[in-house]
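Assemble the complex: chain Y is given as a structure, and chain P with the ligands must be docked to it using the hints.
Chains as they are written, first to last, in our numbering: chain Y, 454 to 674; chain P, 677 to 1029.
No lab work stands behind these hints: they were computed from the structure. Be aware that a few hints might be false.
Quick list of in silico lysine-lysine cross-link-like pairs, DSS-like style, CA-CA up to 27 Å [to be verified]:
no.	chain 1	residue 1	chain 2	residue 2
1	Y	Lys673	P	Lys873
2	Y	Lys510	P	Lys775
3	P	Lys873	P	Lys930
4	Y	Lys574	P	Lys930
5	Y	Lys574	P	Lys766
6	P	Lys789	Y	Lys673
7	P	Lys704	P	Lys873
8	Y	Lys574	P	Lys825
9	P	Lys930	Y	Lys673
10	P	Lys704	Y	Lys510
11	P	Lys800	Y	Lys574
12	Y	Lys669	P	Lys910
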Amino acid sequence: MPLDHIVSILPELNKAFFETLYMVGISLTVSIIVGLPLGILLFVTDRGLFLEQILVKNVVGFIVNLVRSVPFIILLVALIPFTNWLVGTTIGPTAASVALSVAAIPFFARVVETSIREIDKGVIEAAIAVGATPWMIIREVLLPEARPGIIQGATLTLISLIAYSAMAGIVGGGGVGDLAIRYGYYRYDNTIMFTTIIVLVLLVQVIQLAGDIFSKIVDKR
Amino acid sequence: MIVKGHVEGLGERGDAMIRVENLVKEYKTKKGIIIGVDHVNVTIEKGEVFGIVGYSGAGKSSFIRCLNLLETPSNGEIYIDGVGLTSLSKQELRAARLKIGMIFQHFYLISAKTVAENIAFALKAANHPRKEINDRVHELLEMVGLADKAEVYPAQLSGGQKQRVGIARALANNPSVLLCDEATSALDPSTTKSILKLLKKINKELGITIVLITHEMEVVKEICDRVAVMQDGKFVEEGPVYEVFAHPQEELTKHFISSVLQFDLPAAIVEHCAGTIVKIQFKGAVAGEGVISDMLQQFNVKGNFLHGKIEYIQDIPLGIFIMELQGSSSAVADAISYLEKRTEQVEVIRDAA
Ligand SMILES: Nc1ncnc2c1ncn2[C@@H]1O[C@H](COP(=O)(O)OP(=O)(O)OP(=O)(O)O)[C@@H](O)[C@H]1O
Ligand SMILES: [Mg+2]
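The following block holds chain Y by itself, in its conformation from the complex:
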């Protein structure tokens, strides 16, 4: 009976679900803490802007592109020594969070940069004309004006992280993806397979909905 089967797997599914949330939560937090400043840096150091530093812009831009051009599965493997050094293990959700964070940082940085780029240059100029400092412009013009876009971008990052976190299952990262591989791939257990799919679909839908609502609330345009 599929239902009995699902019930019997529930504790494991529950554990896997929270592992996924844990990995994704850590990675999102890290990517926001690091990616947000990087995204701002990419913007304000660009040509013609108030902290123009072409060298900085090019170097940061290059690194961001470099990381983004490595397929996640390769990044996952390539980062094993670094992961081991950083968290002392290469398996489990904490270890998977390292690779996930590294992948998400440049992604989120670009998302932030793009959102800020959509602000009318005139608004920034008006702030300069008023005598505002660069820090004031970043904090009180760029961030508030880009907030709806940044929230949408964080939602997007979060959803990508869920997809990537499933891949982390391949290297024993834990989480819903790991569960699906262990039961669905190695044991041909379709019930578990579809259950994990449903769980993931629901999770993504809820996140997207929450992101949309939140971004709409802060959008005053």
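Just chain P with the ligands now, kept in the frame of chain Y:
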């Protein structure tokens, strides 16, 4: 006590608020160098409203944006209240900008901040204590007539209201200069009037020097003391507004003025007239009517009014009449030379048929 020449920038030209020396602005683009401003020299006095007109691409925005260094001049120097801007450090420039307000055609308010927060932003730039900011914001909102809109977001305001917020923001730190780049171009005529009235009030009550860009001569007529006509990055004509309206020198200036002082006579009427058609321009309308009746009495000509208009420029009337003069050719010639003596300008539009 009078101290002479001790303070740089005061001294001989003591009342100059803005002095532009040999300003050049070039843009380096992929297609080569584009000249925005081409060797402009101008002095704008304290308390003056200085207008700049010109067609699109003439360099008006380039010029005004150099005045607060939003655009870095390629050459030349800008003195605001005696301080040369181009040699200032970043921090000194920020301090100087506190005293140079600017408003824009598209307002450029921070959409994620309320009206009050937008104005408070300017005050924070000047490091005002938080406590004082609130009071000052309300004072400013009161001044621009938006006291009830403090907690509203810009998206909920009309264009005219947004510009009022822009003005409040620009005035927050008690600037000595207000730069207006097409501040009324996005507004309808009646809103334009009300914004111009507000600018006039600011100029009169606060003594703020205003530099105003527009492509509408109406705006110049309404509030400017002096006007410059710009073309290809140069000031091709400059002078007191009344003088420029009464005696435009350049073709371009005449063209701009015709948008305000223009009246075309219907061709049918011109054909119908047998006499000489003249256009007479008076400083002051009442005086003008007197001159015409004197002329009609002294010379043996018949006058026939075809068109007339009195334009008030800075509250001084400028009268323009078009009339047909009939009589012997010598009488008409005498009448015209009499008019030339007593009026601003007489122009023969068409000789007697
Ligand atoms: N950032 C820029 N880069 C290159 N060229 C520019 C730049 N800004 C202005 N220009 C050029 O300089 C010239 C003057 O432009 P400017 O914007 O000052 O004209 P304007 O008189 O304000 O016109 P408008 O009435 O359309 O606003 C134009 O030829 C324009 O193309
Ligand atoms: Mg312009």
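Here is how each hint holds up against the structure:
Restraint check for Lys673(Y) and Lys873(P): not satisfied, since their Cα atoms lie roughly 30 Å apart, outside the 27 Å limit. Note on Lys510(Y) and Lys775(P): the hinted pairing is violated, with a Cα-Cα distance of about 32 Å set against a maximum of 27 Å. For the suggested pair Lys873(P) and Lys930(P), the alpha carbons sit about 26 Å apart, so the restraint of at most 27 Å is met. The straight-line distance between the Cα atoms of Lys574(Y) and Lys930(P) is roughly 36 Å, outside the 27 Å bound, and the hint therefore fails.
For the proposed pair Lys574(Y) and Lys766(P), the alpha carbon gap of about 20 Å is at most 27 Å, so the pair holds. Pair hint Lys789(P) plus Lys673(Y) holds up; C-alpha atoms about 8 Å apart against a cutoff of 27 Å. Among the hinted pairs, Lys704(P) with Lys873(P) is inconsistent with the structure: their alpha-carbon atoms are about 39 Å apart, more than 27 Å. Using a Cα cut-off of 27 Å, the hinted pair Lys574(Y) and Lys825(P) holds, with the two alpha carbons roughly 25 Å apart.
A threshold of 27 Å between alpha carbons decides the hint, and for Lys930(P) with Lys673(Y) the separation of about 46 Å lies outside it, so the pair is violated. Between Lys704(P) and Lys510(Y), the direct Cα distance comes to roughly 21 Å. Compliance with the 27 Å bound is thereby established for this hinted pair. Taking the CA atoms of Lys800(P) and Lys574(Y), the gap is near 21 Å; set against the 27 Å cutoff, the hint holds. Distance check on the hinted pair: Lys669(Y) and Lys910(P) sit about 48 Å apart at the alpha-carbon level, beyond 27 Å; violated.
Comparing the model with each earlier hint shows violations of hints 1, 2, 4, 7, 9 and 12; every other hint is respected.
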